[in-house]
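Undergrad: Now for the letters of each chain:
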Amino acid sequence: MQQDSSPPGQVSRRGFLKGAGAAVAATGVLGAANLPTTPRNTEPATLKADEVVPLRFELNGKQVETKVRTGYTLLETLRDHLDTTGPKLACDYGACGACTVLLDGKAVNSCLVLAVECTGRKVESVEGLAQDGKLHPIQAAFIAEDAMQCGFCTPGMLMSCKGLLDRNPHPSRAETADALAGNICRCGTYFSIFKAVDRVAKAPKEGK
Amino acid sequence: MKNFDWITPATSAEAVQSAAQAGRAFMGGGTDLLPLMKSGLREPTGVVSVARIPGMDRIELTVGGFSIGAGVTLATLCTHADVQRSLPAVADAARLAATPLVRNRATVGGNLCQRPRCWYFRHADYNCSKKGGEVCYAIEGENKFHAIFDNTTCNIVHPSNLAPAFWVHDGVIHVLGAKGERSIKLEDFWVRPEEDIRTEIALEAGELITAVSCRPLGSKSGSAFEEVNEKQSYDWGLVACAVRLSLDGDKAADARIVIGAVAPVPLRREAAEAVLNGKVPNEATAWAAADAAIAGATPLRDNAYKVTMLRACVKNAILAAAARARKS
Chain X
55 MQQDSSPPGQ
65 VSRRGFLKGA
75 GAAVAATGVL
85 GAANLPTTPR
95 NTEPATLKAD
105 EVVPLRFELN
115 GKQVETKVRT
125 GYTLLETLRD
135 HLDTTGPKLA
145 CDYGACGACT
155 VLLDGKAVNS
165 CLVLAVECTG
175 RKVESVEGLA
185 QDGKLHPIQA
195 AFIAEDAMQC
205 GFCTPGMLMS
215 CKGLLDRNPH
225 PSRAETADAL
235 AGNICRCGTY
245 FSIFKAVDRV
255 AKAPKEGK
Chain F
862 MKNFDWITPA
872 TSAEAVQSAA
882 QAGRAFMGGG
892 TDLLPLMKSG
902 LREPTGVVSV
912 ARIPGMDRIE
922 LTVGGFSIGA
932 GVTLATLCTH
942 ADVQRSLPAV
952 ADAARLAATP
962 LVRNRATVGG
972 NLCQRPRCWY
982 FRHADYNCSK
992 KGGEVCYAIE
1002 GENKFHAIFD
1012 NTTCNIVHPS
1022 NLAPAFWVHD
1032 GVIHVLGAKG
1042 ERSIKLEDFW
1052 VRPEEDIRTE
1062 IALEAGELIT
1072 AVSCRPLGSK
1082 SGSAFEEVNE
1092 KQSYDWGLVA
1102 CAVRLSLDGD
1112 KAADARIVIG
1122 AVAPVPLRRE
1132 AAEAVLNGKV
1142 PNEATAWAAA
1152 DAAIAGATPL
1162 RDNAYKVTML
1172 RACVKNAILA
1182 AAARARKS
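Going down the list, the protein sequences come from chains X and F. At position 81 of the first sequence the residue is numbered 135 (this note's numbering), and the sequence of numbers has no breaks. At position 267 of the second sequence the residue is numbered 1128 (this note's numbering), and the sequence of numbers has no breaks.
Be aware that a few hints might be false.
Stated by the list, open to error - DSS-like cross-link-like pairs, simulated, lysine-lysine; straight-line CA separation at most 30 Å:
| hint | chain 1 | residue 1 | chain 2 | residue 2 |
| --- | --- | --- | --- | --- |
| 1 | X | Lys160 | X | Lys176 |
| 2 | X | Lys160 | F | Lys863 |
| 3 | X | Lys176 | F | Lys899 |
| 4 | X | Lys102 | F | Lys863 |
| 5 | X | Lys102 | X | Lys176 |
| 6 | F | Lys1005 | F | Lys1092 |
| 7 | F | Lys992 | X | Lys102 |
In short, the hints are calculated from the structure, not lab data.
Taking the hints into account, I'd like the entire structure generated from these sequences.
TA: Shown next as structure tokens:
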């Protein structure tokens, strides 16, 4: 079904070259999308509403296994079934960021991810930041900059910061502010958090 | 949230077959569907996952234009170099939507299908006219964020950022349903409350958006999307405007102006386009076009400020598009 090997979300080389030949100014005729045309005979995979289903995924570098129902969010599963209570339940509507985790390396609201979507995927929470008793640089920087007060938003803030620093090790202030736009701190520690990110970005490189 | 059958088809054709059963819903990133389910506003018996169908997350430049898969996330859309270059209004609109956390999940298809943010609609205890009741509570109630145009029946504003941006780029929505494929122009995608108050869009039950195709910018052309928010982070636009224009010499030609977040559906402002075409786009002509864009506004008790704000937003979007056209 995949028509060529271009990675997801990328302009395909073959399609791009096809377009480059004809004038891109062509206005009227817009080609049909890359529709899959070969329905299979088998029924699509289905988990039933009344089933309790096994779920296996990588959590903070370890394979974990539990049982869920289809209506469970990733957040509920982490907190109630996997004793991983760093991600916090606050708004439950993707508005506050207290539940932020990394899913395959990308920061997401775990309250808006279904557990059943996570089969075989990689989830990172605040519990996985420190390695061998040593704080992650962003955790050490939060302490050095006094970047928390009540601490409720901190696990989510740290994961958004990690998601940012993993893909952009030297963010500008504006990039940091944008990356944290989904995490709300009622104590208003934003400025100290920006300084903590700056501190990691400016530190001499010493592994992650 | 109630449990549901979770269906993970391998192709969009399978997805459409699965969704033919009553009570089933498509889910892309789930950033709108899951909140609706948590609020009890939707209770599907089956959820058909479409975000990870291979090919749904592709962006391709083909002979006919730019094809953006319905499963492309807003995060991918706003950081994609070809989209930034050829569809700048679309990249702007994606970048300004929601938060980075939501943009990592939310999809193009879902952005077009999302339900309105009206707080009476979103509150399960208010059986408003959009949900089959008798009353639009926003008419007498708290209407600070509601419509300033076409607001006699239902006062929602359409929340999609991408819709005005796709529209100025001559967007066409590609749909797959039980009866096969069809294509819907952006301007034909909207359903006004007076036509059917229960929906905002012209999809039939079980139809799936597979892709949106757009016309990339030609030479001496620019486009931009601007919105004004109550706060900078995580907010739906109070007013929004997308503009595309070309330059013929130093004069604007073929201008396209679409406003969002001010009416139950996005609105094209042809009168404003006519004011701008044939003139050098500058502060004075942009304000004149903006005046034409706000003509006929009927603000409610608490939202007259949106008219003033929309005027400035249209002016800014025109100047931003013109600046890009000059640089192209």
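Undergrad: For each hint, tell me whether it holds in the structure or not.
TA: Checked hints:
no., hint, verdict
1, X:Lys160 / X:Lys176, "holds, 10 Å"
2, X:Lys160 / F:Lys863, "holds, 27 Å"
3, X:Lys176 / F:Lys899, "holds, 25 Å"
4, X:Lys102 / F:Lys863, "holds, 12 Å"
5, X:Lys102 / X:Lys176, "holds, 24 Å"
6, F:Lys1005 / F:Lys1092, "holds, 15 Å"
7, F:Lys992 / X:Lys102, "holds, 28 Å"
The structure fails none of the hints (numbered hints given earlier).
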